[in-house]
Structure formats: structure tokens, C-alpha cells
Amino acid sequence: MTHQAVPVKVYAAVFGALLVLTATTVAVSKLELGEYNFIVAMTIAVIKGTLVVMFFMDVRRASSMTKLFIGAGFFWLAILLVFLLSDYLSRGWLLNIHWL
Amino acid sequence: MADSEAILAPQEPGLRHHFDDSAQQLESSTLGMWVFLVTEVMFFGGMFGAYTVYRNMYPEAFASTSHFMNVTIGAINTGVLIFSSFTMVLAVRSAQLGQKKALIAFLVLTLILGCVFLSWKYVEYHEKWVDHHIPGPGFQYADSRYAHQAQILFYLYFAMTGMHAIHMIVGAGLLITLIVMAARNRFTSKWYTPVEMIGLYWHFVDIVWIFLFPLLYLIGHTK
Amino acid sequence: MSTTLPLAPTETPTNYLNADYGWKSWLFATDHKRIALLYLFSITAFFFVGGAFAVAMRINLLTPEGIFTHDTYNKLFTMHGIIMVFFFLVPSIPATLGNFLVPMMIGARDLAFPRINLLSWYIYIVGGILTLTAVFQGGVDTGWTFYAPFSSSYSNTHVILAAMGVFVSGFSSILTGLNFIVTIHTMRAPGMTWNRLPLFIWGHYATSLIQVLGTPVIAITMVLLGLERLLHAGIFDPRVGGDPVLFQHLFWFYSHPAVYIMILPGMAVISEIVTCFSRKAIFGYNFVAYSSIAIAVFSFIVWGHHLFVSGQSMYASMVFSFFSFLVAIPSAVKVFNWTATMYKGSVSYETPMLYAFGFMGLFTIGGLTGLFLATMAIHVHVTDTYFVIAHFHYVMVGGMVMAYMGGIHFWFPKISGRLYPEGWAKFAALLVFAGFNLTFFPQFILGYQGMPRRYAHYPPEFQVLNVMSTAGASILAVGYLIPMIYLAWAWRYGPKSPQNPWKAKGLEWEQSPTPPPTFNFEHQPVVTEPAYNYSGEEQEVKLG
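Protein chains in written order, with this note's numbering: chain D, 1 to 100; chain U, 1 to 223; chain Z, 1 to 544.
Don't read these hints as lab results, they were simulated from the structure. Model, not experiment: these values are computed from the prediction. Just so you know, not all the hints are guaranteed correct.
Chain Z stretches covered by chain U per the calculated footprint, using a threshold of three residues with CB under 8 Å from any CB of chain U [stated by the list, open to error]:
no.: 1; region: 105-111
no.: 2; region: 181-194
no.: 3; region: 213-226
no.: 4; region: 231-237
no.: 5; region: 241-251
In silico DSS-like cross-links for lysine-lysine, where the CA-CA straight-line distance does not exceed 27 Å [as the list claims (entries may be wrong)]:
no.: 6; chain 1: U; residue 1: LYS101; chain 2: D; residue 2: LYS9
no.: 7; chain 1: U; residue 1: LYS100; chain 2: D; residue 2: LYS9
no.: 8; chain 1: D; residue 1: LYS67; chain 2: D; residue 2: LYS9
no.: 9; chain 1: Z; residue 1: LYS426; chain 2: Z; residue 2: LYS344
Just so you know, even glycine gets a beta-carbon here, dropped at the ideal spot from N, CA and C.
Using the sequences and the hints, build the whole thing.
And the structure:
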């Protein structure tokens, strides 16, 4: 870090938030929400991950190049997952060729 | 410019000769570590992709196997890792402030928490061993409707958590290296780059777990 | 009358080659130029090993009934593919010319992480040893594509060993890419802005992005494959609910961008050669620079074109086909720009330029045939035939290897401090061109007529074209051997080179002695003019 040291209480607050979010995600997982279980769990995971990246890894104060690389990393992961799933989810679709 | 000698001017501790100044060196180290972490995202990403595909393909088998995931241990381990990230960032902060004793204390604490995580992991894996849920010739699954698919899913469970555990072990080794370096007064408030870089690595391993935990342990658990 | 003796003719100033002696100074070198030579030596060795397998294959294909069994032939084409792709093509230009030139072209003293650079070479060697061990233990027969379930459940060969060799070599590639990205970002000389960078740098930057983003996926794929061979959990086994197509997805997610890892550095070299031997700044610098980045990005969304006949959904295939058409556009942009650079330039035909001409023509043919393959309807007819083989050899051998040869010749004076014999070099270049076309053009016809790839024996009606192809291969082999001989000779006995024999623009030529000193420059370069400033006044680059 080339910037000023962050006060301990900021880190402690983030730590506390992460524990609360963990407890929340465990609690919610015990409820029957169908499809929303996945969405809620993933949203909470993204929030926790973002807190770690922004505060513990100090990306809040990092250069835009660093932020660009992090964004690119997750974007590329998204490319892999989206295109992979696009095959599996569309395999059952039949091509409508009545117009031929 | 004296290119041929290593430059170790007192005001530029740890500067390597091919860099112009320590700001450039720090910028390079930081960018280098982030590029490496991006490669790690893609490395784990392949397994997340495989897992997503099979979860999508076999939802009932998935629901069946999720009952064997020990949520309690998983939740404890999540807490342990988050705590270790907290102690790690405090270690980096201590280094930044030149507080050698605090730095070593926090590094040791982080290492202990990492070992706690690995111990619980061992307990979990042992549980799986006893249940014959480790893929391979000894694999057995009670619900014969899903036996084959369950083996695939357990294979991915072990691949993902195993790869994560390997990264933790490497991290533990790196922490030990840092502790030894700190004890030998290698770090000052002007130069503590390895602490920062290994801190970034450690947080990344924590983030992987933050995603592994709900994916493997929590979803589908209610069914 | 007293005479003062001049300096003895053999006395040379200290440069990176004579700065230190002994095997330790080479095997523990952190100087990027020495590491480049370590790579050059090992990559050349692997090229000949891979080439030996090709020779065996072409001899087998002289007659319809061949001389090898199917099992042996399977191993030949597998080892040819694995070694050529992972141990020759992927590292070739980046690890040799890239390692040597990237710091010099941007005005830096070394790469950002010199020790990681050396580590990447050692990792490459370990990967190579693992793979060669697989070869000596009897080879692998899965094809370089390692398709499941054959590789994961049925093959009796040393799949895990070869997969581990590929896994390890991947880390070498990742570390090289990481090093280049950081170096280009943080170590440019004062005045070297992004749009004054040589296009060689832009090309290597784009290559490094692909290396860093794609290679980890094949790494994990090889791990999953190895684990599956050990545990038989069934992840790719259709008998128990696994999906072999998943393997193909994960494999090609890297392996398609990998082909751009292989070609982008080649294009980077061609940009440098064309501009120098046309004595003219590259036409459309921005377009060429950004096209490299565009290729890197688009290369990641086309991999499904390798899965058109695998059972992949029709809709996903259509999307992949569409993007495969798009990815051709930036490549075409480069070819147009090189052509426009030569127009009204002062073109000369030294050996590097001959290879560049070869590249431009052969890469165009290879690239266009890629479009035929991306068209799903045509694809069904020509897939898994010699048409595909001809396509990728046109881009890889007619394109990439020619660029590599051109680059080696162009920078040989800078690297060695000596000049190669131009007559022999031109002759070899023409032999390579002739041999290459005779080898691979018949394969387009064979493929279109229906000869399948990876077959040890074939119907007699295909023999004439196969014989032509093998004849071409023997000419090609001679064309590659001749430079090995005269370059080795010239390294020792060639005439000493002036600092800038081509009168090229660029920091490595203008600002650095030939051969360079260990830290590349005697004074910190400061850049004040755009790249390739051939036309207009020769502005003096300020010496810092």
C-alpha cells in the first residue's frame, strides 16, 4: 500500500459484516425458497467477495488498471460459464424448419 | 548510470537493478500478483464450469448428495478463513507501520487459523472416507438411483475443495517464509512488498472458499 | 617513426554473450537475452523431434497400406501434435524473440521479473522431459486433443504422463505472458507511450493476455483428465452419465485461443519486417495495434466451432459460427495494412522479407479456408478430413513458422553480432515455400475428396496426392535443415555485423550496440518520435 494505513476499526467492521453475512446465508439456506435459494446465496457470496476485494485487498484505493484486470478476470470467467451453459441449456431445443 | 552493480541505496531498500525506482518495482509486483490471481480465477473457473453443468444436468442426484455435506463444519471453516483474512490484513497494516512484533504475531495467527481450516477439512474428508464417498474403486452410494451421478458430483467436490486445500497449504508455506523473513528484520515500513503480495494471495484463497461454501454446502440442502 | 598499435581485431567490447562464461552463467542466467537463447536451443530441439514424427507419418502415407500399424500411427500423429503445439509453436516466438526483444524495444534493462523468466524456462524443460518420457515409454495414442472417453477410460498408453507434461508446460506459458504484461505496462522508457510502441510489442501484449486468461483452463482440464484416469469417477464417461463433450468444451476453451497465441507473435514479426523492408511506416498503425487486441478478445468466444459435429446444440453452434466469421476481420485488417504499407514503398527482397511475403500469401489462404470450416454446412463435409489438416498447417507452418524464420533472420545480426550468408538464406526460403505448398496444397484436395485425418491406411485413389505431399515434405525438411547449418556456421564464422545492418527503426537497432550489452543500453533511451519514422527527417533520439 502506498497510501495511508487504514484504521483497524474499518477492517474490524468489514470482518464483522462478513461474519454476519455468513450467518445470514446459512440461515436463509434452511428456508424453502426454490430457485431463490441459489440467487440469494450467490448474491450474498458476491457481496462478501466484493468486501474482501475492496477493503482487505485495498482495491478501493487501487489504480484503474488494477480494477480493469480484476474486472477482466471475472468477465472471462463469465464468458466460460455463459457459453458453456448456452450449449447445455439449448440442446433440447429443436430447430423449427417449417419455413423451408 | 552504474548499470552493472545492484543498487541498494539506503533510501531504496530491496530495489532490484532493472527497476528505475521502488515505486516502479512496487507497481510491477502488484500488477504481477493481480495478473497471477486472474490466472487462478480461470483455473478454478474450469471446475466451477464443470460443476455447474452437472448440477444442471442431475438436479435430483445433486439434491441427494447435498445431504452429505457437513454444513456445520463448512460454516465454521468459512468463519475461520474470514478471520484469517482479517488477521492477514492486520499483518500487512503492521508491516506498513513498521511494527515488527505485531506483524509476526498476526502472521502467526493467520497461519494457525489456516491450519485450523485444514484440520477441519481433514475431519470432513475422513467422514467421507468412512461413508465410502471418495470416488474410486471403494465408492459406494446408498441411493442406487443416483450412484453413478453421485460419484461424478463427489469427484467434483473433492477436485474443487482439494485444489483449494492445496492452495491453502502453499499459502501456509508462504506464511512461514514471511514469518522467518520478518523475524530476520527483512521488512521495514519502506519495503514490505512480499507481505502485501502474499496477503493478496491469501485473500484470494478466502474468496474462492466464499464461493465454494454456498455452492457445495448450502444450495439444495433443504430438499 | 613510432607506430601506435590499434586495438587487436579480435577485441570486442563486453556484450551479453561474452560478459560471463561457463555453464553456470547460462543455466542460472537472469538476463532475458540469455534466457531467450536457452529457449531457442530447446525449442529448436523439440521442433526436430516433432518433425521426426511428421517424417515418419509422411513415409507411412506414401502407400495406401502404409508401413505402420494403426496403433503405431496413432502414436505418431499424437506425439507430432503434442510436441509441435505445446513445445514448439506456443513458446516459439514469444519465448525466443519476445524474451530477447520486448525489453529492448520498450527501452528497459530487463523484463519485470527476470528470475521468473528463468523459472519459466526450467518449467518448460520439466514439461518437455515429462512428455519425452511418455514418448520413450511407448507414446500416447489419443491425438493431441486427448478426447474423452478414449483418453479417460480406454487408452492403454501413458496419457497421464503426457497430460502432466502439457500441464507443466502451461505454467511456463503463463509466467512468460505475466512477465510481458507487467513489463509492457510498467517499464516503458520515458516518451514511449502506448501509441509509439512497436507493433511487435502490441502483438506480444495481446498474446500474453491470451496466455494468461486461457492456459489455466487447459491446466485444470489436464488435472481433471488425470484424476479421472486414476479414479474412474465417470466425469467424462457416458456409460455412467458423464459427458465427453464437456471435456471438449474445456479443452477447446484454451486450445482455440492457443492458436492465436501461436499466430499473433508471427503477425507481430511480420509487421516489423514489412515496414523495414518497405522503408515506410506501417499503414494504419492504430488499426494493426487494436486488431491484435481484438483478435485476443474474440478468440475466446469461438471455441465451439471445434464442436460442430460433437452433439453441441445447434443454437450454440450458430453463435460460435457467427463469431468465428467475426474473428477473421481483424486478421484481414492486418493483411490489408501490410499490403498498403508496401504500396509506394521502397521494397527490397532480403531473406526476412521473402519469408514475410510467404507469410502474407499462405496465411491468407489458411485464414480463408478457416472461414470455409466455420461455415457449418461445409464443415460437416470437410471436418476430420485432410482439409482441416491443410487449413491449420497453412496458418501454422505457412504462416507462423515462416514468420519465425523471418524473425530469426531479421534479428540474427542483433542477437549474434554477425551476418548470415544471404545467398544460402534466400535459397532456403524459396525451398521452404516450394516444399510447403507441395506438401499441403494437395491435402486440401484430399480432404475435400474425403480422405479422413488420422488414418494410417487409405484407399488407393488417394495415393497420387499423398505421394506429392510426401515429396513436398522432403523438400520442406531440407529447407529447414539448411538454415540450421548456415546459422550455426554464421554464429561462429559469419562476418561481424554493423550496429544496424538493415537501417531499421526501433530502439533495439538504433540505441543499442550489436550485440547488446547485458543491460541493453549504454544510456537511458528517451523516445520522442512515433514508431517506424522512416519517412521525413531522421530525428535524433535524445540520449539521456
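The hints, checked one at a time:
1. 105-111: holds (count 4)
2. 181-194: Result for this restraint: holds, n = 6.
3. 213-226: holds (count 10)
4. 231-237: It holds, with 5 qualifying residues against the three required.
5. 241-251: That given contact holds, which follows from 6 residues of the region 241-251 of chain Z lying within Cβ reach (below 8 Å) of chain U.
6. U:LYS101 to D:LYS9: Roughly 20 Å between the alpha carbons, so the hint for LYS101 of chain U and LYS9 of chain D holds.
7. U:LYS100 to D:LYS9: OK: LYS100 of chain U and LYS9 of chain D at ~20 Å, within 27 Å.
8. D:LYS67 to D:LYS9: With a Cα-Cα distance of about 25 Å, the restraint between LYS67 of chain D and LYS9 of chain D holds, given a limit of 27 Å.
9. Z:LYS426 to Z:LYS344: holds, 24 Å
Checked against the numbered hints given earlier, this structure breaks none of them.
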